[in-house]
Amino acid sequence: MSASQSVKKIIEINPYMLGTMAGGAADCQFWHRNLGVKCRLHELANKRRISVTGASKLLANILYSYRGMGLSVGTMIAGWDEKGPGLYYVDSEGGRLKGTRFSVGSGSPYAYGVLDSGYRYDMSVEEAAELARRAIYHATFRDGASGGVASVYHVGPNGWTKLSGDDVGELHYKYYPVEAEVVEQEMAELPVT
Amino acid sequence: MSIFEYNGSALVAMVGKNCFAIASDRRLGVQLQTIATDFQKIYKIHEKLFIGLSGLATDAQTLYQRLVFRHKLYQLREERDMKPETFASLVSAILYEKRFGPYFCQPVIAGLGDEDKPFICTMDSIGAKELAKDFVVAGTASESLYGACESMFKPDMDAEELFETISQALLSSVDRDCLSGWGGHVYVVTPTEVTERILKGRMD
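Same order as they appear, the protein sequences are chains A and B.
Residue numbers for the first sequence follow numbering that gives the first Met the number 0, so the first one is 0 and each next one is one higher.
Residue numbers for the second sequence follow numbering that gives the first Met the number 0, so the first one is 0 and each next one is one higher.
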């Protein structure tokens with residue numbers, strides 16, 4: 000059963016940090032917003048922005064303290080700080096990993112297949128966006144629990160921007176257009192004798 | 000997940016003016032993973048009789064093979080095709096034989112009977128027949144299908160309009176079910192011709 004085709008799965012923590020949603024929607028929405036609050040308090044207390052390392056650790060520590068109580072959160076924290084771009088994977092088991100590419104959720108194995116075979120460290124922004132879009136599209140094709148809209152964001156030194164939000168139903172026919180079938184047998188009127 | 004939801008399916012049959020339409024989705028899955036997008040769920044028994052089988056795919060295929068076997072024997076003995084009402088009773092009896100170890104299928108039967116009068120019916124997995132004058136539905140998307148058919152159906156539609164109605168009902172219902180969809184397959188049967196069409200649907 001799908002409740003909505005248009006759920007926002009990329010959460011804007013602040014203008015230079017994004018979080019992705021997988022697992023329980025309420026858990027992800029609440030704790031990401033809570034993280035946004037904590038990041039802002041850090042800025043006020045320390046007169047500087049929080050690093051991606053720090054933000055992801057704040058979230059991971061909160062989730063660890065609720066371990067075993069049934070929270071379901073699988074998220075990636077992506078942002079830009081003084082050290083450059085940062086990407087962390089954080090989940091409700093208490094896991095936290097730094098990395099250059101991740102895929103999360105029930106459709107993640109399918110996305111990894113496309114992502115890993117197409118990835119290069121020196122890709123351009125357009126190439127990377129198209130690879131991400133295709134990875135999401137292929138996950139929605141194979142996984143029953145994934146679907147709807149493929150949103151792509153870019154995180155740069157001046158913060159994030161939304162690049163695209165394509166309906167995967169239309170993406171399918173763009174990547175795999177329907178070809179005219181070769182007609183094997185055609186019905187025809189018999190000549191009248 | 001229940002055994003009926005293991006593979007995922009959506010079936011619907013509708014009655015029109017001197018015609019009927021039967022439609023299915025095209026997905027074969029193993030729980031959430033999609034394996035095939037061209038899986039056949041509607042089978043022809045004879046020119047004016049079709050059966051759709053929802054539920055566990057292996058049971059649907061085996062049941063279909065047994066039904067074809069029984070119908071061929073009937074054709075040899077009676078020297079004619081089976082009427083849809085008779086076929087429905089046959090399916091019901093075969094399902095009830097397995098009352099304490101059933102086939103995990105829900106059939107949808109549609110055919111043209113005497114004087115080409117349209118006949119549709121559905122059954123549960125142990126053979127309880129449910130006849131209907133308007134439409135019947137089955138599969139994991141059945142609740143959505145009931146709603147869509149109830150609002151879109153009108154009596155005495157001609158073949159063209161019936162095709163449009165059944166296609167829209169099917170596509171909008173499977174979009175609300177993660178286990179069915181990935182295309183559609185529609186048969187529209189009149190006394191003179193059978194039209195088979197594939198629907199372009201959302202592939203997610």
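Hints are computed from structural coordinates only; laboratory data are not their basis.
Predicted, not measured: the structure shown is a model, and the values here were computed from it.
Cβ atoms here follow ideal geometry from the backbone N, Cα and C, with glycine treated the same way.
Please note: incorrect hints may appear among the correct ones.
[Said to hold, decoys possible] Examples of chain A residues toward chain B, derived with CB under 10 Å:
(1) Asp-115
(2) Tyr-136
(3) Ser-145
(4) Gly-164
(5) Leu-170
(6) His-171
(7) Tyr-172
[As the list claims (entries may be wrong)] Taking CB as the label site, the calculated pair distances span:
(8) Tyr-145/B / Tyr-172/A: 50 to 56 Å
(9) Phe-29/A / Glu-129/B: 42 to 48 Å
(10) Tyr-172/A / Ile-125/B: 48 to 54 Å
(11) His-45/B / Gln-184/A: 53 to 59 Å
(12) Tyr-172/A / Leu-75/B: 42 to 48 Å
(13) Ala-127/B / Asp-115/A: 30 to 36 Å
(14) Gln-64/B / Arg-119/A: 49 to 55 Å
(15) Tyr-174/A / Asp-133/B: 38 to 44 Å
(16) Asp-133/B / Val-182/A: 49 to 55 Å
(17) Tyr-63/A / Glu-149/B: 33 to 39 Å
(18) Gln-184/A / Arg-65/B: 29 to 35 Å
(19) Val-182/A / Lys-116/B: 44 to 50 Å
(20) Pro-190/A / Asp-113/B: 45 to 51 Å
[Said to hold, decoys possible] Which residues of chain B face chain A? A few of them, derived with a C-beta cut under 8 Å, are:
(21) Gly-28
(22) Leu-31
(23) Ser-88
(24) Leu-89
(25) Ser-91
(26) Cys-177
(27) Arg-196
(28) Lys-199
(29) Met-202
(30) Asp-203
Verification of the supplied hints:
1. Using the Cβ-Cβ criterion of 10 Å, the hint placing Asp-115/A at the interface with chain B is not satisfied: the shortest such distance is roughly 19 Å.
2. Of the supplied interface hints, the one on Tyr-136/A holds, with its beta-carbon coming within about 8 Å of a beta-carbon of chain B, less than 10 Å.
3. Taking 10 Å as the C-beta cut-off, the interface hint given for Ser-145/A holds, the closest approach to chain B being about 7 Å.
4. A hinted interface residue such as Gly-164/A counts as satisfied when its beta carbon comes closer than 10 Å to some beta carbon of chain B; here the least separation is about 14 Å, so the hint is violated.
5. The criterion of a C-beta within 10 Å of any C-beta in chain B is met by Leu-170/A, whose closest approach is roughly 9 Å, and the hint holds.
6. A hinted interface residue such as His-171/A counts as satisfied when its beta carbon comes closer than 10 Å to some beta carbon of chain B; here the least separation is about 4 Å, so the hint holds.
7. Checking Tyr-172/A against chain B by beta carbon gives a least distance of about 7 Å; that is within 10 Å, so the hint holds.
8. The hinted range of 50 to 56 Å is not satisfied by Tyr-145/B and Tyr-172/A, whose Cβ atoms lie roughly 29 Å apart.
9. Separated by about 45 Å at the C-beta atoms, Phe-29/A and Glu-129/B satisfy the suggested range of 42 to 48 Å.
10. At about 41 Å, the beta-carbon gap between Tyr-172/A and Ile-125/B misses the expected band of 48 to 54 Å.
11. Look at His-45/B against Gln-184/A: about 20 Å separates their beta carbons, and that is not inside 53 to 59 Å.
12. Checking the proposed 42 to 48 Å range against Tyr-172/A and Leu-75/B shows it holds: the Cβ atoms sit about 47 Å from each other.
13. Distance hint for Ala-127/B and Asp-115/A: a CB-CB separation of about 50 Å, inconsistent with the stated range 30 to 36 Å.
14. Between Gln-64/B and Arg-119/A the CB atoms are about 51 Å apart, so this pair conforms to the stated range of 49 to 55 Å.
15. A C-beta distance of roughly 39 Å is found between Tyr-174/A and Asp-133/B, which places it inside the suggested range of 38 to 44 Å.
16. A hinted range of 49 to 55 Å is violated for the C-beta pair Asp-133/B and Val-182/A, which are about 35 Å apart.
17. Between Tyr-63/A and Glu-149/B the beta carbon distance is about 50 Å. The supplied range of 33 to 39 Å is therefore violated.
18. A C-beta distance of roughly 30 Å is found between Gln-184/A and Arg-65/B, which places it inside the suggested range of 29 to 35 Å.
19. Against the hinted window of 44 to 50 Å, the Cβ-Cβ separation of Val-182/A and Lys-116/B comes to about 33 Å, which falls outside the hint.
20. Separation of Pro-190/A from Asp-113/B is about 34 Å and departs from the stated range, judged on CB atoms against 45 to 51 Å.
21. The beta carbon of Gly-28/B is positioned within 8 Å of a beta carbon in chain A (closest approach about 6 Å), and the interface hint is therefore held.
22. Residue-level restraint check for Leu-31/B holds (minimum Cβ-Cβ distance to chain A is 4 Å; threshold 8 Å).
23. Interface hint at Ser-88/B: violated, since its Cβ lies 34 Å from the closest Cβ of chain A, which is beyond the 8 Å cut-off.
24. Checking Leu-89/B against chain A: minimum C-beta separation of about 32 Å lies over 8 Å; hint violated.
25. Checking Ser-91/B against chain A by beta carbon gives a least distance of about 30 Å; that is not within 8 Å, so the hint is violated.
26. Here the hint on Cys-177/B is kept, as its CB sits about 4 Å from the closest CB of chain A, short of 8 Å.
27. A least Cβ separation of about 12 Å between Arg-196/B and chain A goes past the 8 Å threshold, and the interface hint is therefore violated.
28. Taking 8 Å as the C-beta cut-off, the interface hint given for Lys-199/B holds, the closest approach to chain A being about 6 Å.
29. Because the beta carbon of Met-202/B sits about 4 Å from the nearest beta carbon in chain A, less than 8 Å, this interface hint is met.
30. Hint on Asp-203/B holds. Least Cβ distance to chain A is approximately 3 Å, under the 8 Å limit.
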